[in-house]
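The listed protein sequences correspond, in order, to chains E and H.
By numbering that gives the first Met the number 0, the letter at position 63 of the first sequence is numbered 62, and the numbering carries on one by one without gaps.
By numbering that gives the first Met the number 0, the letter at position 97 of the second sequence is numbered 96, and the numbering carries on one by one without gaps.
Keep in mind that the hints were calculated from the coordinates and are not lab data.
Please note that a few of the clues may not be correct.
[Stated by the list, open to error] Far from chain H, some chain E residues (derived; all Cβ distances over 10 Å):
(1) 12
(2) 29
(3) 30
(4) 44
(5) 85
(6) 101
(7) 135
(8) 159
(9) 195
(10) 200
(11) 338
[To be verified] Keeping only pairs whose Cα atoms sit at most 30 Å apart, straight-line, the calculated DSSO-like set for lysine-lysine is:
(12) 216(E) with 277(H)
(13) 122(E) with 148(E)
(14) 216(E) with 278(H)
(15) 7(E) with 36(E)
(16) 223(H) with 288(E)
(17) 83(H) with 65(E)
(18) 334(E) with 216(E)
(19) 99(H) with 65(E)
(20) 216(E) with 204(E)
(21) 99(H) with 21(H)
(22) 334(E) with 277(H)
(23) 231(H) with 277(H)
(24) 99(H) with 79(E)
(25) 7(E) with 122(E)
(26) 118(H) with 235(H)
(27) 74(H) with 79(E)
(28) 214(E) with 148(E)
(29) 196(E) with 207(E)
(30) 223(H) with 164(H)
(31) 175(H) with 118(H)
(32) 336(E) with 207(E)
(33) 278(H) with 288(E)
(34) 277(H) with 336(E)
(35) 116(H) with 164(H)
(36) 214(E) with 288(E)
(37) 105(E) with 214(E)
(38) 214(E) with 278(H)
(39) 171(E) with 122(E)
(40) 21(H) with 79(E)
We treat Cβ as the ideally placed atom computed from N, Cα and C, and that holds for glycine.
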Amino acid sequence: MADKSLKKDQVKNLLNKIAQSNQLIAPILSDGITLFKPVQSGEGVVLDYQNAVVPPKDFFFPQSEKMFSYDMSDPSWAIKPEEGVPNRVLFGARPCDVKSILLLDKVFDAEFRDDFYIDKRNKTTIVAISCNDCRHTCFCGAFGISPGKAEGADLLLTDLGDRYLVEVLTDKGETLAANCSDLFSNDDGSGAAAKEKATAPALEKQMKIDLEGVKAKLDNMFDHPMWAAESLRCIGCGTCTFVCPTCHCFDIVDFNNQSSVGYRYRCADSCQFANFTRAAGGHQPRPSKMERTRQRFMHKLRYFVDRYGDFGCVGCGRCLEKCPVNLDIAQIINKVKEVG
Amino acid sequence: MCDCKTREVASPLLPHIATINKVIDETSNIKTFQVAFDEPGVLENFGNMPGQCCMLSILGVGESMISITSSPTRKGMLEFSIVKVGRLTDAIHELGEGDKMAIRGPYGNNFPYEMMKGKNLLIIAGGIGLAPVRSLIDYALDNRDDYGRVDIVYGARSTDLLCFKYDVFDKWPKVKDTHVHVTIDREEENWNGHVGFVPSYVEELAFSAENTIAVTCGPPIMIKFVLQALEKMGFKDEDIITTLEMNMRCGIGKCGRCNIGEKYICVDGPVFNLSQIKKLPPEF
Ligand code: SF4
Ligand code: SF4
Ligand code: FES
Numbered sequence: 000m001a002d003k004s005l006k007k008d009q010v011k012n013l014l015n016k017i018a019q020s021n022q023l024i025a026p027i028l029s030d031g032i033t034l035f036k037p038v039q040s041g042e043g044v045v046l047d048y049q050n051a052v053v054p055p056k057d058f059f060f061p062q063s064e065k066m067f068s069y070d071m072s073d074p075s076w077a078i079k080p081e082e083g084v085p086n087r088v089l090f091g092a093r094p095c096d097v098k099s100i101l102l103l104d105k106v107f108d109a110e111f112r113d114d115f116y117i118d119k120r121n122k123t124t125i126v127a128i129s130c131n132d133c134r135h136t137c138f139c140g141a142f143g144i145s146p147g148k149a150e151g152a153d154l155l156l157t158d159l160g161d162r163y164l165v166e167v168l169t170d171k172g173e174t175l176a177a178n179c180s181d182l183f184s185n186d187d188g189s190g191a192a193a194k195e196k197a198t199a200p201a202l203e204k205q206m207k208i209d210l211e212g213v214k215a216k217l218d219n220m221f222d223h224p225m226w227a228a229e230s231l232r233c234i235g236c237g238t239c240t241f242v243c244p245t246c247h248c249f250d251i252v253d254f255n256n257q258s259s260v261g262y263r264y265r266c267a268d269s270c271q272f273a274n275f276t277r278a279a280g281g282h283q284p285r286p287s288k289m290e291r292t293r294q295r296f297m298h299k300l301r302y303f304v305d306r307y308g309d310f311g312c313v314g315c316g317r318c319l320e321k322c323p324v325n326l327d328i329a330q331i332i333n334k335v336k337e338v339g
Numbered sequence: 000m001c002d003c004k005t006r007e008v009a010s011p012l013l014p015h016i017a018t019i020n021k022v023i024d025e026t027s028n029i030k031t032f033q034v035a036f037d038e039p040g041v042l043e044n045f046g047n048m049p050g051q052c053c054m055l056s057i058l059g060v061g062e063s064m065i066s067i068t069s070s071p072t073r074k075g076m077l078e079f080s081i082v083k084v085g086r087l088t089d090a091i092h093e094l095g096e097g098d099k100m101a102i103r104g105p106y107g108n109n110f111p112y113e114m115m116k117g118k119n120l121l122i123i124a125g126g127i128g129l130a131p132v133r134s135l136i137d138y139a140l141d142n143r144d145d146y147g148r149v150d151i152v153y154g155a156r157s158t159d160l161l162c163f164k165y166d167v168f169d170k171w172p173k174v175k176d177t178h179v180h181v182t183i184d185r186e187e188e189n190w191n192g193h194v195g196f197v198p199s200y201v202e203e204l205a206f207s208a209e210n211t212i213a214v215t216c217g218p219p220i221m222i223k224f225v226l227q228a229l230e231k232m233g234f235k236d237e238d239i240i241t242t243l244e245m246n247m248r249c250g251i252g253k254c255g256r257c258n259i260g261e262k263y264i265c266v267d268g269p270v271f272n273l274s275q276i277k278k279l280p281p282e283f
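The following block holds chain E by itself, in its conformation from the complex (with noise of 0.2 Å):
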């Protein structure tokens, strides 16, 4: 489908009408920081923020999840699993966490298909938004995210001004500009021109972290002592990994109040928590902050390229802005090679 436009005085019935047949998932100003919430309307939405404090990721892997009720009063113990979620849109996403998506599809969609989250995958469309202007911890492009481009997006909004240029990206985004197809109209052909002129100052704002050898020297610096050197001022607070787009481990827990009835769910966890690793009988691989540092980094920048082929990281500086004591991947990535 050809490039849209959107009059800026149209959003809000964009959403309207988005949010009369699906769940609208969008942007919303919470107590002075900007979250992605279910709303009912385009009311309140905001479009031009830079980046939200937790990622959208928790529509897809919630920080806490119901999977299925039980009840062992049944002779049979009545496992029941949770419905699945209605048909959604994401909307206003920004192109680093768009892409941590696909990151999370290589987890959640390979091998075991995991359901719960590949039923929320499958019933959303995502919408996302270029970025104009960045934050100066945005270092998207380190690893071959744009603020132009949405890899992973249905369809992308740029704003140009007085109006958004509207990319259509995939089937699943042709489908929804069609079923809102009277709010647009037809790019005059002068989007893709004002796009990058948009979008220019983000890129040009935005952190240069170059990743050339990193993986290759991380390959050899599992007993490098900058590990313990490093993870010595981390308070093992797990603020990292909870606002971190790529982050996916959970624990499963049981729950059931002392009575017959009960659910399990499952939560997000933290490889920065002594628990995590720690076995029933006593076996813990990594008893000190040193192990728990290396494998949040090792995992980002080494496994995850080696099992799944891209690094685990989007630069979306979450982990930058949010660390108590600057513990963060992209002075981790600077100091790998320059002590590597």
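Given the coordinates of chain E, work out where chain H with the ligands should sit on it, guided by the hints.
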């Protein structure tokens, strides 16, 4: 019980319900549970292979990864030998015949029983380490003509800590060209068998590495010295097989808990040969 359509949507993290048919006391803190699934067809289509594991749980208490100790050649049931080590296994030990468990699986890779065909097998186990390899032993003995000589070296600290005594002393030695060598760590009254640690007993028995695959399973310290002994005896890394253990939750390579380097032990393991292990970062 289950609407098959919904199960398909939520598998493979949904358990099946099974009933315990038999409980065998192995030692004071190890029991073997023989179970069968309640839903017809589940066991028949389970497709477990020697060396694979299952997530066992009591709903409301928790889940744990346990190796299937029975061979798939033994139809109509699965067996799990469980050591009491924590909340869940304590609770499982309270269960008896007719009680239920929730089970999902089978998970992980398997002993390379196809590649082993035509070869001699040298199985070396300590304590509960016999449980995972027992699936392989029974598989080989049930397909006796496919395999060469079978040697089983099994040890524990004392006789009351030996598991599967009915196999070790009664069944296995009676099978043709199958040789069981049992040892305990210290002298004991009424014990006429060998006394000494497993690794030195292995060296003493001086097995030939020719056309032989060695499989070892047991406490880490035993494995460490058995591997040294096998290397000394001329076994190639590719012909030495063992299993690795990590804490697990999902069993399907998603929860991120059981990795060693880029490998997930729940999917790529637990079975590895020594050459593969040497390529892993030493974090286990
Ligand atoms: S590691 Fe940090 S910069 Fe990379 S994707 Fe995760 S939160 Fe963003
Ligand atoms: S690296 Fe920073 S954010 Fe992550 S656990 Fe350590 S202190 Fe917390
Ligand atoms: S147990 Fe979850 S990844 Fe292995």
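Comparing the hints with the structure gives:
1. In this structure residue 12(E) is separated from chain H by more than 10 Å, as the shortest Cβ-Cβ distance comes to about 35 Å.
2. Distance check for residue 29(E) against chain H: the nearest CB is about 29 Å away, which clears 10 Å, and the non-interface claim stands.
3. No beta-carbon of chain H is positioned within 10 Å of the beta-carbon of residue 30(E); the least distance is around 31 Å.
4. No beta-carbon of chain H comes within 10 Å of the beta-carbon of residue 44(E); the shortest separation is about 31 Å.
5. Listed as a non-interface residue, residue 85(E) keeps its Cβ farther than 10 Å from every Cβ of chain H; the least gap is roughly 15 Å.
6. Residue-level check passed: residue 101(E) sits 16 Å from the nearest beta carbon of chain H, beyond 10 Å.
7. With 10 Å as the threshold on Cβ separation, the claim that residue 135(E) sits away from chain H holds: the shortest Cβ distance comes to roughly 30 Å.
8. With a minimum CB-CB distance of about 40 Å to chain H, residue 159(E) clears the 10 Å threshold, and the non-interface call stands.
9. Against the 10 Å criterion, residue 195(E) stays outside the reach of chain H, whose nearest CB is about 38 Å from its own CB.
10. With a least beta-carbon separation of about 36 Å from chain H, residue 200(E) lies farther than 10 Å from that chain, consistent with its non-interface assignment.
11. No beta-carbon of chain H comes within 10 Å of the beta-carbon of residue 338(E); the shortest separation is about 18 Å.
12. Under the criterion of a C-alpha separation no larger than 30 Å, the hint pairing residue 216(E) with residue 277(H) is consistent with the structure, at around 19 Å.
13. About 22 Å separates the Cα atoms of residue 122(E) and residue 148(E), which keeps this hinted pair within 30 Å; it holds.
14. Between residue 216(E) and residue 278(H) the CA atoms are separated by roughly 16 Å; this keeps the pair inside 30 Å, and the hint holds.
15. With a CA separation close to 22 Å, the supplied pair residue 7(E) and residue 36(E) stays within the 30 Å bound.
16. For the hint linking residue 223(H) to residue 288(E), the alpha-carbon distance of about 26 Å falls within 30 Å, and the restraint holds.
17. Under the criterion of a C-alpha separation no larger than 30 Å, the hint pairing residue 83(H) with residue 65(E) is consistent with the structure, at around 29 Å.
18. Straight-line distance between C-alpha atoms of residue 334(E) and residue 216(E) comes to about 11 Å, which keeps the hinted pair within the 30 Å bound.
19. Distance restraint check for residue 99(H) and residue 65(E): the Cα-Cα separation of roughly 22 Å lies within the 30 Å cut-off, and the hinted pair is therefore satisfied.
20. Distance restraint check for residue 216(E) and residue 204(E): the Cα-Cα separation of roughly 28 Å lies within the 30 Å cut-off, and the hinted pair is therefore satisfied.
21. Note on residue 99(H) and residue 21(H): the hinted pairing holds, with a Cα-Cα distance of about 12 Å set against a maximum of 30 Å.
22. The straight-line distance between the Cα atoms of residue 334(E) and residue 277(H) is roughly 27 Å, inside the 30 Å bound, and the hint therefore holds.
23. Between residue 231(H) and residue 277(H) the CA atoms are separated by roughly 17 Å; this keeps the pair inside 30 Å, and the hint holds.
24. Annotation: proposed proximity of residue 99(H) to residue 79(E) holds, straight-line Cα distance about 17 Å (limit 30 Å).
25. A distance of roughly 27 Å separates the Cα atoms of residue 7(E) and residue 122(E); the hinted pair therefore holds under the 30 Å criterion.
26. Using a Cα cut-off of 30 Å, the hinted pair residue 118(H) and residue 235(H) holds, with the two alpha carbons roughly 14 Å apart.
27. Straight-line distance between C-alpha atoms of residue 74(H) and residue 79(E) comes to about 29 Å, which keeps the hinted pair within the 30 Å bound.
28. Proximity of residue 214(E) to residue 148(E) is assessed by CA-CA distance (about 25 Å); at most 30 Å being required, the pair is judged to hold.
29. A C-alpha spacing of about 19 Å is found between residue 196(E) and residue 207(E), which places the hinted pair at or below 30 Å, so the restraint holds.
30. The straight-line distance between the Cα atoms of residue 223(H) and residue 164(H) is roughly 25 Å, inside the 30 Å bound, and the hint therefore holds.
31. Among the hinted pairs, residue 175(H) with residue 118(H) is consistent with the structure: their alpha-carbon atoms are about 15 Å apart, no more than 30 Å.
32. A hinted pair counts as satisfied when its Cα atoms are at most 30 Å apart, and residue 336(E) with residue 207(E) qualifies at roughly 14 Å.
33. Between residue 278(H) and residue 288(E), the direct Cα distance comes to roughly 24 Å. Compliance with the 30 Å bound is thereby established for this hinted pair.
34. Restraint check for residue 277(H) and residue 336(E): the C-alpha separation of about 26 Å stays at or below 30 Å, so the hint holds.
35. The straight-line distance between the Cα atoms of residue 116(H) and residue 164(H) is roughly 26 Å, inside the 30 Å bound, and the hint therefore holds.
36. With a C-alpha separation of about 22 Å, the suggested pair residue 214(E) and residue 288(E) falls inside the 30 Å cut-off, and the hint holds.
37. For the given pair, residue 105(E) sits about 19 Å from residue 214(E) by alpha-carbon distance, which is consistent with the 30 Å threshold.
38. A C-alpha spacing of about 16 Å is found between residue 214(E) and residue 278(H), which places the hinted pair at or below 30 Å, so the restraint holds.
39. Our distance criterion of 30 Å between C-alpha atoms is met by residue 171(E) and residue 122(E), whose separation comes to about 10 Å.
40. The hinted pair formed by residue 21(H) and residue 79(E) meets the criterion: a straight-line CA distance of about 28 Å does not exceed 30 Å.
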